[in-house]
Amino acid sequence: MLELNPQTIAFLVFSILALGGAVGVVTNRNLIHGALYLIVSLFGGAGLFVLLSAPFLAAVQVLVYIGAIAILIIFAVMLTRSMAANVREVYNRQWWLSAIVGVALFAALVVGVLLPVWGDAGTNSSQPVSDLVATTVDLGVALVDGNQYVLPFEVASLLLTAAMIGAIVIARDNE
Amino acid sequence: MVPLWMYLVVAAAMFSLGVYGVLARRNAVAILMSVELMLNAVNINLIAFWRYVTPTNMSGQAFAAFVFVIAAAEAAVGLAIVISIYRSRRSVVVEDVNLLRG
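The listed protein sequences derive, respectively, from chains A and B.
The first sequence runs 1 to 175 under the working numbering.
The second sequence runs 1001 to 1102 under the working numbering.
Just so you know, these hints were derived from the structure itself, not from any lab.
Values in this document were obtained by computation on a predicted structure and should not be read as measured data.
Think of the CB as a built atom: it goes at the ideal place given N, C-alpha and C, for glycine as much as any other residue.
Hints should not be assumed to be uniformly reliable.
Unchecked claim - If the Cβ cut is set under 7 Å, some of the chain B residues that face chain A in the computed set are: (1) 1020; (2) 1067; (3) 1069.
Said to hold, decoys possible - Reference listing, derived: stretches of chain B covered by chain A, where coverage requires no fewer than 3 residues with Cβ under 8 Å from a Cβ of chain A: (4) 1001-1015; (5) 1043-1057.
So that you can see chain B by itself, here it is in the shape it has in the complex (with noise of 0.2 Å):
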């Protein structure tokens, strides 16, 4: 089989470039979806170390089962207040959003 380190350094580099996105992007929308490759490339370093470590115990995948269920939610919560904020503001850009602002 491939070898672990490989699977691990594909979601390390994925993590990465979620971890860009988040901090570069203006766009609210553009920060979620890499918020999603960030859980994503968790849900991989889960799955590898699940099958190459304890591949009889059920804890990996019920762990990246639990994932799943989170990015779920926080899609249509942070998608519903994204398109909340665009309702009130008529702008999906993080830094036209300053009303809590000091």
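Just chain A, same shape as in the assembly (with noise of 0.2 Å):
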């Protein structure tokens, strides 16, 4: 089904890095070392990035989700860390629940991807309808081009400044 070439491996070893990061993520007892998992599996997102051939993007993920929310979160779990929190309980009670949503969520979307019910060919599709790619360069035309994406731009710019001064207003000192 799968010839081993550098390409194959390559996702192989990505998603490998991606899926087990998420597990410690949603596992880890210590948030420290949830946090690192994060980063782990946002690595390896990046990497698939740079296999689907989007290079841009994956240095955006190595910059913003890396560099910037994974250290953004293990800063608010040092801030937040009582006593209290390491020795109670991880999960809800209501944690086989979400686990069985969990599983009945992945398996409706597994069944989603693999039986052509979106078209004859469906998702089983092994080559791109073209070799021909947009590069860097026609994303950033695209999105300052008054055609196509300049006002979601502009909005997420907006969105931005909003969120930063929200940040700071609910996260200032009052007294």
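Combine both chains into one complex, guided by the hints.
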């Protein structure tokens, strides 16, 4: 089914990194370790982006997710660490129900992916429709082109400003 | 290349793990980390479909870039709320935050 070429091996390695990190995030008792597993998982995702020929998004993943968000999460873990947090239960009382929901969702998604319910070719194609791939230059042009994504782009910048101001206001010490 | 469904299955597994983490964990920071996992799984899906179905159209990559923006904003505001709650309640366990419970 799968011939072993460097690309398949890289896909397997990055998938294992992404999924193993994800398992570590949801099961680890120590939140600092959980945040480090999150970094592993996001790095695996960045590798998958490279394999899908989206190098700019892979770089953004490393810079923004690993460099900013994961570090922010580690800061929050350290700022909110209480002595009681480690001895108490990691999961709430409905953890088995949550596990059932997660497994059922995964089963539904896999059925939707593997069965050809979304058209005759479905998702079994191993070849992209064309080997011609848009580049980072095209992405940059698309984001500022008046006919494409300039309005969402500006709204996103406004959203980031609002989120920054909101975070400062919410986390400010009021006393 | 690797078939498209493999990327989709990896993303589906990652998203389901994120759903389990959001529903089952008690620590608010752990829940935020699980939300980040879910957003990342969505991004893998978007990029995979972009590469295999419309590789010359920029919509897939542009949507993934906007997901990055949303994830950054969500992490900033979410962690600010967590720190604010910790300051007033000395706890980040979501079951202790029951002020609005009827």
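- [ ] Would you pick out the hints that fail for this structure and give their numbers low to high?
- [x] 2
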